[in-house]
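Here's the letter readout for the chains.
Number of protein chains: 2
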Amino acid sequence: MSDNEYRVAVVGATGAVGEQMIKYLEQRNFPVKELRPLASKRSTGKTVMFQGREVKVQETTPDAFEGIDIALFSAGGSVSKAIAKEAVARGALVIDNSNAFRMDPEVPLVVPEVNPEAIAQNKGIIANPNCSTIQMVVALKPLYDQFGIERIIVSTYQAVSGAGMNASKELDAQTQAFISGDQVPTQILPVGSLDNHYQLAFNVIPQVDVGQENGFTLEEMKMVRETKKIFNDDQIGVTATCVRVPVQRGHSESVYVELKQDYQLEEVKDLLAKQPGVIVQDDIEQQIYPMPLETADRPEVFIGRIRRDLTHDRGLNLWVVSDNLLKGAATNAIQIAEAYIASKR
Amino acid sequence: MSDNEYRVAVVGATGAVGEQMIKYLEQRNFPVKELRPLASKRSTGKTVMFQGREVKVQETTPDAFEGIDIALFSAGGSVSKAIAKEAVARGALVIDNSNAFRMDPEVPLVVPEVNPEAIAQNKGIIANPNCSTIQMVVALKPLYDQFGIERIIVSTYQAVSGAGMNASKELDAQTQAFISGDQVPTQILPVGSLDNHYQLAFNVIPQVDVGQENGFTLEEMKMVRETKKIFNDDQIGVTATCVRVPVQRGHSESVYVELKQDYQLEEVKDLLAKQPGVIVQDDIEQQIYPMPLETADRPEVFIGRIRRDLTHDRGLNLWVVSDNLLKGAATNAIQIAEAYIASKR
Chain A
1 MSDNEYRVAV
11 VGATGAVGEQ
21 MIKYLEQRNF
31 PVKELRPLAS
41 KRSTGKTVMF
51 QGREVKVQET
61 TPDAFEGIDI
71 ALFSAGGSVS
81 KAIAKEAVAR
91 GALVIDNSNA
101 FRMDPEVPLV
111 VPEVNPEAIA
121 QNKGIIANPN
131 CSTIQMVVAL
141 KPLYDQFGIE
151 RIIVSTYQAV
161 SGAGMNASKE
171 LDAQTQAFIS
181 GDQVPTQILP
191 VGSLDNHYQL
201 AFNVIPQVDV
211 GQENGFTLEE
221 MKMVRETKKI
231 FNDDQIGVTA
241 TCVRVPVQRG
251 HSESVYVELK
261 QDYQLEEVKD
271 LLAKQPGVIV
281 QDDIEQQIYP
291 MPLETADRPE
301 VFIGRIRRDL
311 THDRGLNLWV
321 VSDNLLKGAA
331 TNAIQIAEAY
341 IASKR
Chain B
1 MSDNEYRVAV
11 VGATGAVGEQ
21 MIKYLEQRNF
31 PVKELRPLAS
41 KRSTGKTVMF
51 QGREVKVQET
61 TPDAFEGIDI
71 ALFSAGGSVS
81 KAIAKEAVAR
91 GALVIDNSNA
101 FRMDPEVPLV
111 VPEVNPEAIA
121 QNKGIIANPN
131 CSTIQMVVAL
141 KPLYDQFGIE
151 RIIVSTYQAV
161 SGAGMNASKE
171 LDAQTQAFIS
181 GDQVPTQILP
191 VGSLDNHYQL
201 AFNVIPQVDV
211 GQENGFTLEE
221 MKMVRETKKI
231 FNDDQIGVTA
241 TCVRVPVQRG
251 HSESVYVELK
261 QDYQLEEVKD
271 LLAKQPGVIV
281 QDDIEQQIYP
291 MPLETADRPE
301 VFIGRIRRDL
311 THDRGLNLWV
321 VSDNLLKGAA
331 TNAIQIAEAY
341 IASKR
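Protein sequences, first through last, are from chains A and B.
Mapping to full-length UniProt numbering: the first sequence position 49 is 49, numbers consecutive.
Mapping to full-length UniProt numbering: the second sequence position 139 is 139, numbers consecutive.
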């Protein structure tokens, strides 16, 4: 990476997040010398549009990373585990959107607004946190700095696109079939790899990712562990209930946070409004609050319903919404790349 | 009410809850001598089916309550305020499903599984609690008795039928229009009487009922105040975030409860499983948990995702689902009537 333009590979280029990564690289005017879209063998031959040109999708093989400076991975944990280190061995910086390396002590887990300093510790791989974690820690960062955080209790309202493009299509197909009175297809949701599949259309499913022995789901435990790692603070208490709702794009979160110090509500609102990457939409009497339909396709984290908790003096309630494919995935990954480049200058 | 059969009026007989009340009176074999369906002038001339016969809907006037023993009101707060006392004056027991009298110190607020003893204090009116409150207190009752409750933090996932039949129809129309690429109708949701209306299809709206000066919505404050009144305990802390989701029937709730004493998880599960009116569906590894689509049209409260909180020793997380039109409204009202009758024998 000696000059100011970069050869960028996107692994999982035809997936829900990969698509957004390519779109976002273009929108942000990321200094791309060459875009190399990679995917499974099945997708080779397809093309993606980038800067007005069609670019052919290639198969994700070790050699496909020859000459690559930055490899953005978003093809699931098993692909990342199998091949990310091959990319690193060929000189690429890997920014990985899967769960493969997030809790690896050798791998920094980065949200640029929260812990950009962790980027410097990378040994070739930087992990992008889980979508539901990213938007929450962006919202909580200024409160953490100002007051300290004792604990967090979060309930999520997660969009189906977090489960991938086929899950998105299944919600559409379910909705159409349900309205028409046809047999509702249930082959993917809530978790493709598990045995039982349920209708999400006109329903909510209190399961995101696989269940664990402790009664929580993997998604819930990601929020717990990743939040501690990103804030570099094992003392933060986090408990989560993760729920899939029939929304295509945009995760919403009902967040209860117990601060370490007393606070004034106006100070909290000011801090949130000043936080880079955050937009406050908060006036219930005027019916102003964020909703996933309005925040889709926007890169910021939106916060509303900011109010003093009724059960604890240092408790605070927030409603946090963000596009899970953008700040929750593609945007954050590319912001990591930008912060990395800036740190090398 | 001298014999064992009763003349029953249903006010709001053509509404979402009124319809369920009539259906449920029939299903439960409630001892109905005469069913008198009442509604606004606009609905007179319509008929409802009861025990295989068509019964004409009459206008809700004071004189319509002549001879009535039990009047089930579910036509909104303004109708209840205007006319419930006329029914009482004519000798009827009023069971009111609106918000009109719930916090009136003269009016008991009753969930038969929780505080049946309050029925005896009535002076002609018994209030049925808000749908989101009912299912939560049924779930928490055995825990309250066994351990005491310090505080509750609840986030809801509420079905559109809670906003009435026209709101239900609007969600269907929105969904159909959105899928077809047509203009999405937004005239009712989230709150018909307010200025701003939003799409709920493929969205979530963090507003149920009108906003208040303290930043909470009326729905949220109902959960706070009613829970304290039903448990007859002003010391219980309650904070709520109430959210409308694109579901037709069945409210879901992510409930964090902080008990007053240490607990064993198995004991909690046993207590919940033994509680009348509760069905436990709890095994995340087997993908067993309640969902609104599966619990619609069933009168019980369903509980799953039962797990020890990760941030507090006495904290517990529950996922509580129930049909908002049944246990959340019609079923509870008729159970109050049954308990009242039993208490008079």
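I should point out that these hints are in silico values taken from the structure, not numbers from a laboratory.
Hints are not guaranteed to be accurate.
Same chains, same label: a pair holds when it works inside one copy or across any pair of copies.
To be verified - Capping the alpha-carbon separation at 20 Å, the derived lysine to aspartate or glutamate pairs in DMTMM-like fashion look like this:
#1 169 <-> 145
#2 228 <-> 313
#3 269 <-> 213
#4 56 <-> 182
#5 123 <-> 267
#6 260 <-> 313
#7 41 <-> 106
#8 81 <-> 313
#9 46 <-> 233
#10 41 <-> 63
#11 344 <-> 233
#12 228 <-> 309
#13 41 <-> 26
#14 23 <-> 283
#15 56 <-> 297
#16 274 <-> 213
#17 81 <-> 145
#18 81 <-> 297
#19 269 <-> 26
#20 33 <-> 285
Okay, the hints, checked on the actual structure:
With identical chains, the CA atoms of residue 169 and residue 145 are never at most 20 Å apart, being 41 Å at best within one copy and 47 Å at best between copies. Taking identical chains as interchangeable, the C-alpha atoms of residue 228 and residue 313 lie at most 20 Å apart only when they sit on different chains, with a minimum of 19 Å there against 23 Å within one chain. For a Cα distance limit of 20 Å, the shortest separation of residue 269 from residue 213 across copies, 16 Å, qualifies, whereas the shortest one inside one copy, 39 Å, does not. Taking the shortest Cα distances, residue 56 and residue 182 never come within 20 Å of each other, neither inside one copy (38 Å) nor across copies (35 Å).
Neither within a single protomer nor between protomers do residue 123 and residue 267 lie at most 20 Å apart by alpha-carbon distance, with minima of 39 Å and 48 Å respectively. For a Cα distance limit of 20 Å, the shortest separation of residue 260 from residue 313 qualifies both inside one copy, at 10 Å, and across copies, at 18 Å. Proximity of residue 41 and residue 106 under a CA criterion of 20 Å is satisfied in neither setting, with 30 Å inside one chain copy and 73 Å between copies. In the homo-oligomer, the alpha carbons of residue 81 and residue 313 never lie at most 20 Å apart, since the shortest distance is 45 Å inside one protomer and 36 Å across protomers.
In this assembly of identical chains, residue 46 and residue 233 lie within 20 Å of each other by CA distance neither inside one copy nor across copies; the values are 44 Å within and 65 Å between. Within a single copy, residue 41 and residue 63 get their C-alpha atoms as close as 14 Å, which meets the 20 Å cut-off; across copies the closest is 77 Å, which misses it. For the identical chains of this complex, residue 344 and residue 233 are neighbours neither inside a copy (27 Å) nor across copies (61 Å), given an alpha-carbon limit of 20 Å. Within a single copy, residue 228 and residue 309 get their C-alpha atoms only as close as 23 Å, which misses the 20 Å cut-off; across copies the closest is 16 Å, which meets it.
For a Cα distance limit of 20 Å, the shortest separation of residue 41 from residue 26 qualifies neither inside one copy, at 25 Å, nor across copies, at 61 Å. For the identical chains of this complex, residue 23 and residue 283 are neighbours neither inside a copy (33 Å) nor across copies (41 Å), given an alpha-carbon limit of 20 Å. In this homomeric assembly, residue 56 and residue 297 never come within 20 Å of each other (Cα to Cα): the closest approach is 25 Å inside a single copy and 52 Å across copies. In this assembly of identical chains, residue 274 and residue 213 lie within 20 Å of each other by CA distance neither inside one copy nor across copies; the values are 41 Å within and 24 Å between.
With identical chains, the CA atoms of residue 81 and residue 145 are never at most 20 Å apart, being 34 Å at best within one copy and 50 Å at best between copies. Taking identical chains as interchangeable, the C-alpha atoms of residue 81 and residue 297 are never at most 20 Å apart, the minima being 29 Å within one chain and 46 Å between chains. Taking identical chains as interchangeable, the C-alpha atoms of residue 269 and residue 26 are never at most 20 Å apart, the minima being 33 Å within one chain and 53 Å between chains. With identical chains, the CA atoms of residue 33 and residue 285 are never at most 20 Å apart, being 50 Å at best within one copy and 47 Å at best between copies.
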